[in-house]
Every structure is written in structure tokens, then in C-alpha cells.
Amino acid sequence: MGSINLLVNGLKKGGRMKNLLKKLSKLRGRIYLVGGAVRDQLMGLKPHDLDYVITGLTIEQMVTLFGDAITGTNAPVWQTPYGEIALARKERRYGVGYNGFQFYVGPSITIEEDLLRRDFAINAMAIDVETGKLIDPFNGKADIKRKVIEHIDQEGFLEDPIRVLRAARFAARLNFIIAERTVKLCKIAATILYSYKIERISLEFEKALKEGNIVTFIENLIDMGVIEETFPIFKDFKVIPAGKGRHGDESLLEHTKIVCERMPKDSISQFVGLMHDIGKIGIPDSILQKP
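Positions 2 to 292 (the working numbering) are the ones given, in order, by the sequence shown.
These aren't lab readings, by the way, just hints derived from the structure by calculation.
Treat the hints with care, since some could be wrong.
[What the hints assert, rightly or not] Now the in silico label distances, taken between C-beta atoms and shown as ranges:
(1) K19 to S196: 22 to 32 Å
(2) E114 to L28: 11 to 21 Å
(3) K266 to L28: 36 to 46 Å
(4) I259 to I234: 18 to 28 Å
(5) H49 to G280: 30 to 40 Å
(6) I269 to H49: 16 to 26 Å
(7) K24 to I282: 50 to 60 Å
(8) R29 to V273: 53 to 63 Å
Glycine included, each C-beta is placed from N, C-alpha and C at the ideal position.
Please construct the entire structure, taking both the sequences and the accompanying hints into account.
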């Protein structure tokens with residue numbers, strides 16, 4: 002696994018982060034690196050987007066440090082030279098859809114409370130930038146070792162059904178399996194995905210395209226038993242034959258996966274590969290099986 006100390010030392014390289022740590026110390030605040038960057042570092046991958054959470058401060062103190070927060074977001078977020086920074090927060094659903102959450106921020110909210118609202122244990126870890134300590138209340142590091150995607154909180158998971166798609170996408174991207182208890186929750190959560198705007202669902206689909214794992218993403222949704230609630234056009238992808246001749250006994254999914262693996266990895270090429278044989282859906286097997 003990747004070294005946490007190596008990552009923390011890199012963050013502190015130069016004086017900018019050290020100056021911020023001094024300011025936070027005077028205000029009794031702490032800053033943590035959170036989410037995907039921590040996961041990727043532990044997996045030995047290069048972290049890309051650096052997201053931080055600060056505890057112990059008020060919104061007014063954050064404005065003094067970083068200026069006005071980004072508008073148009075559900076909770077205050079600051080775009081800074083260090084990366085994206087948010088205050089530790091808790092959340093609660095009050096309505097339907099992606100925007101149906103009420104967020105609570107304040108100096109009393111702990112990093113552990115902030116991590117509790119996240120989707121999977123592998124994404125719910127933090128590193129204290131000052132000390133280098135790993136905060137891992139839900140055993141995400143162990144899940145990385147086991148190569149498992151597992152949810153944290155049942156109530157929180159069901160309040161945000163888009164996590165069904167995220168489970169399938171992360172499993173495809175990281176070549177992990179989805180824990181059985183998480184699969185069971187996905188089957189329940191998928192029934193309320195209709196409450197989300199199509200743009201939010203499409204965003205996860207587009208991410209799977211960009212990551213070059215779109216067919217495995219679809220396969221994971223089929224295997225979880227949620228394909229009819231998500232992308233029903235692909236519900237028979239694993240049982241429809243690709244056709245006789247050079248396709249042998251391949252299913253449409255198997256054949257499409259081979260095609261996508263050979264295609265360029267940009268989103269458009271991957272989408273073309275995914276859909277190139279879509280016309281075979283609905284055609285009787287007796288016709289597809291003809292040589």
C-alpha cells in the first residue's frame with residue numbers, strides 16, 4: 002500500500018500549507034485530506050483531486066481565511082490553491098432528489114461525523130495533514146486489502162440512491178467486488194432512483210465511460226439485480242447471443258466487452274463500442290443463431 006507519510010510530506014512541501022496549518026492552530030481548527038485521494042494513496046495510485054475538510058471553525062472564520070464560498074452548492078465549499086475545502090458537516094434528508102438534503106455545519110462537528118455521511122468505507126477515510134494520522138472509523142483500509150465495496154450507514158445509503166450506480170462504478174473501476182449486504186441495500190435503493198433528475202444518473206454513466214469500464218459497470222448492475230431500475234435496455238445483455246460464426250458462444254455482453262477493450266478509451270469511442278450491437282436486443286435467438 003502507498004505511504005501516507007510520503008503524501009503528507011508532499012502536501013507540506015513549500016510554505017503555503019505550513020502557513021495555513023499555523024493559522025488553523027491559532028483558531029483551534031484542523032484540516033484533513035479526505036475521500037478519493039486517501040483511498041488512491043493507500044492503493045498505491047497517484048491521487049488526483051485533493052479534497053479537504055476543516056473542523057473546529059465557523060463559516061465566518063472560513064470566509065476570513067478563504068473568501069466567499071462557491072455559490073450554487075448545497076453546502077458551503079471553498080475553491081482554494083490547496084484544493085477544494087469544505088467544513089465538516091452532517092446531513093439529513095427532507096425531500097426527494099439530489100437536492101433534498103439539509104446540511105449542518107459548525108465547529109462542534111467532528112471529522113468522524115463528517116465521514117459517516119459518505120458512501121463506502123473505502124471513501125470514508127481522512128488524513129490529519131498536521132500529524133499524518135489516518136482516520137479510518139469504518140475500516141476502509143481493510144476493505145481495500147479485501148477488494149470490497151461496502152456501505153457505511155444503511156439509513157444514509159437509502160437516502161441517496163445514486164449510490165447504487167456509484168457502487169457499480171467503483172467496483173468496475175477498481176476491480177473490487179460489492180459486499181452482499183450492500184447488494185441487498187442496492188436492490189431497495191434502486192426502486193427510488195426515479196426521484197433523481199436524469200442528469201444526475203447520466204453523470205455516473207458518463208464517469209463509467211470516461212473510466213473505460215462501461216461494460217463491467219453494466220454487468221455489475223445486472224449481477225446486483227438492479228438493471229431494470231437503472232438501464233433496462235441492457236437487462237438481457239448477458240443472455241442474448243452475440244451471433245454465430247466468429248462470435249462463437251459469446252453473449253452480447255461478452256462480445257461488447259471485447260470490443261470496448263479494443264476501442265480507444267475516450268468517452269465517445271467507448272459509447273460507440275457499447276452500443277454497436279444494440280440492434281440485436283429484441284431479435285429472436287433463432288435469427289441470431291443463424292450462421
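Hints versus structure:
As the Cβ distance of K19 to S196 is approximately 45 Å, the hint placing it in 22 to 32 Å is violated. For E114 paired with L28, a C-beta distance near 19 Å keeps the hint of 11 to 21 Å intact. Between K266 and L28 the beta carbons are some 45 Å apart, a value that agrees with the proposed interval 36 to 46 Å. At about 20 Å, the beta-carbon gap between I259 and I234 stays in the expected band of 18 to 28 Å.
Hint check: H49 to G280, Cβ distance near 37 Å, so the stated range 30 to 40 Å holds. Between I269 and H49, the C-beta spacing of about 22 Å keeps the proposed range 16 to 26 Å intact. At roughly 59 Å, the beta-carbon separation of K24 and I282 lies within the given 50 to 60 Å, and the hint holds. In this structure the hint that R29 and V273 lie 53 to 63 Å apart at CB holds, the actual value being about 55 Å.
When held up to the earlier numbered hints, the structure conflicts with hint 1 and nothing else.
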